[in-house]
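**Student:** Sequence:
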Amino acid sequence: MERQPWSYDTAVTYNGLVRHVTAYDHGNDEVEGWRSTGTFLKMIGLLPYLYGLGVNTISILPVTTIGEIGRKGTLGSPYAIKHPLRIEPSLDEPALGWPVDDQLRAFVAAAHLLGMKVVMEFVLRTASVDSDLVPHHPEWFYWIDEARCAVAAGTFAPPTFTDEQLKEMKAKVEKREFVNLPEPPAPYRELFTSPPLRVERDDGGWKGKGAGGRTLRIPGAFADWPPDDPQPAWTDVTYLRLHDHSGYRYMAYNTVRMYERSLDVPGHRMLALWNLVAGIIPHYIRTVGIDGALIDMGHALPRDLRQRVLTEARSLRPDFLFWEEQFNISAPSRDAGYDAVVGYLPFDAHDPVKLTDFIRRIARERLPVRYFATPETHNTPRTASRNGGADYARCVWGILRLLPGGIPFLHAGMELGETVPVNTGLGFTAEEIAEWPVEKLPLFSEARLPWDTDLSIDEHIAALNTAFAATYVSHILTAEDRIFVVDVDDALIAFVRLPGGSNSGILVVGNPGPTSIECSFRIPGEAAVSMLASNAGLRMVDGLVVGTIEAWDTVIVPTYHVVQ
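Start counting the sequence shown at 1; every next residue gets the next number (the working numbering).
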């Protein structure tokens with residue numbers, strides 16, 4: 001079947017970490033110059049498989065060089081960016097004899113030949129603690145007095161605040177009042193100092209020499225909001241120092257995210273650093289030919305810098321795609337220039353009540369920005385790790401894939417029934433986090449997807465995409481389609497989707513449960529359904545839709561309507 005031209009209404013995205021997606025045990029191939037970890041070359045080999053799944057957009061996690069100091073796991077986090085303009089060398093295949101940059105270009109070009117777009121994720125407000133930028137621009141980083149830190153706390157830790165301060169700062173942030181925000185305690189602020197006079201390297205990474213011969217170090221970053229987040233400081237990543245102000249030399253929520261108003265003014269901006277940050281994505285548009293960017297924590301950049309990032313990229317490619325790592329589906333993301341956000345379905349899709357509430361929201365209002373129609377991301381529990389395993393994953397993804405305004409989004413491995421999380425960043429209990437140390441997590445260490453599994457649901461996903469594409473309405477569906485929520489058995493999810501001005505739509509009924517269900521329900525009158533297409537499972541009898549929905553099944557039934 002001939003594919004429709006790419007648009008957000010036809011997009012189906014496959015997302016993953018390159019070194020993880022195509023990692024495979026080739027035996028002794030490493031001696032012959034072939035890696036057992038994933039590479040750009042192996043990603044090219046995967047493209048026909050992805051094409052068969054119905055994928056037309058590939059989104060990859062950061063592929064820039066990874067820091068070595070404080071590295072987590074055996075391979076390090078791709079979010080510990082050592083240099084934002086250099087590609088991680090371990091993503092090449094040595095046997096090929098090509099520079100890694102050329103292998104990335106070849107992957108993007110191959111995807112383009114299949115009509116696919118490539119979106120890269122970018123980290124713009126942090127760097128690895130051993131960043132290559134440090135010796136050239138020490139003023140772009142925060143520095144602490146090593147001796148003073150050892151006396152005060154032994155190791156660097158995030159600042160603490162009183163209950164009164166927390167209450168005040170949260171109230172001000174809620175109102176967007178970034179004036180006289182509560183500051184960290186004086187002993188914490190006094191750990192920080194001016195950038196060093198010179199920089200050298202030792203076993204601990206970059207070491208600065210300050211006034212009076214003091215030894216200075218770059219501290220690890222930490223979760224900046226909420227400021228009472230219990231996570232310890234990170235060992236591998238630090239915040240970039242986007243402003244230069246003698247009163248705000250420290251890292252805290254009011255200097256790296258909720259910028260104090262007197263700090264975020266033109267006179268205090270590190271303009272050379274801002275120029276670099278704003279030029280990163282244009283660099284990859286020019287040199288690699290990428291089609292879009294997912295911005296990690298983009299909403300935490302200063303507003304003017306964020307606007308420069310989007311504007312300078314789109315001055316080269318007006319159709320450049322911009323996605324935001326934002327869990328709210330709200331107007332500010334649209335107004336900032338983003339096409340889509342991650343959204344909150346990875347958290348709510350597994351609760352039938354919350355999922356139905358989400359569908360009711362779509363029925364009530366046109367969402368202001370597109371969202372990822374997915375039950376998981378690389379930071380959440382795997383869908384197949386929940387009750388029902390791969391069968392449950394197949395069902396819930398099918399339901400989300402058919403909602404308007406979303407971007408159907410397959411996180412690599414979901415179609416294989418993978419249960420091992422890539423990271424334990426969101427939605428995990430303390431016990432679950434303890435169960436998955438960094439040595440077991442693909443975000444930090446070598447790991448492989450279960451490509452040889454018998455539990456794969458990729459054929460089901462491909463069949464669903466094919467069945468959907470075969471319906472007449474698939475060619476006219478848009479984000480503005482009307483949705484009618486159907487009241488059914490609590491164990492089922494059902495809705496009618498009707499394109500504007502059309503007399504053809506679809507009825508979607510999902511059963512994300514372990515038993516088949518005999519159903520009998522009435523479609524809302526305002527949907528004006530006059531007839532259902534022939535379907536083995538459902539039929540219309542005296543105005544009622546009756547039939548059986550098998551366990552873990554998602555049924556698509558073409559509908560015919562009296563246009564009102």
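None of these hints come from the bench; they were simulated from the model.
Be a bit skeptical, because a hint or two may be false.
Between beta-carbon pairs, the in silico distance windows are [stated by the list, open to error]:
(1) Pro-514 / Glu-174: 25 to 31 Å
(2) Val-265 / Asp-228: 26 to 32 Å
(3) Leu-96 / Ile-433: 37 to 43 Å
(4) Glu-174 / Ser-315: 30 to 36 Å
(5) Asn-328 / Asn-535: 36 to 42 Å
(6) Leu-166 / Glu-139: 28 to 34 Å
(7) Asp-319 / Asn-180: 39 to 45 Å
(8) Pro-89 / Glu-550: 46 to 52 Å
(9) Ser-330 / Pro-226: 32 to 38 Å
Built from N, CA and C at the ideal position, the CB exists for glycine as well.
**Student:** All the hints need checking, so say for each whether the structure fits it.
**Tutor:** Hint by hint, here is what the structure shows:
Range check, Pro-514 to Glu-174: Cβ separation about 42 Å, and the 25 to 31 Å hint is violated. The hinted range of 26 to 32 Å is satisfied by Val-265 and Asp-228, whose Cβ atoms lie roughly 28 Å apart. For the pair Leu-96 and Ile-433, the beta carbons lie near 39 Å from each other, so the given range of 37 to 43 Å is met. Evaluation of the 30 to 36 Å hint for Glu-174 and Ser-315 yields a pass: the beta carbon distance comes to about 35 Å.
The beta-carbon spacing between Asn-328 and Asn-535, approximately 37 Å, falls within the hinted interval of 36 to 42 Å. Remark: the range hint 28 to 34 Å for Leu-166 to Glu-139 is upheld by a beta-carbon distance near 31 Å. One distance hint, 39 to 45 Å for the beta-carbon pair Asp-319 and Asn-180, holds here, with the actual separation near 43 Å. Range check, Pro-89 to Glu-550: about 49 Å between beta-carbon atoms, so the 46 to 52 Å window is met.
Here the CB-CB span from Ser-330 to Pro-226 is close to 19 Å, at odds with the stated 32 to 38 Å.
Hint compliance for this structure: hints 1, 9 are broken, all remaining hints hold.
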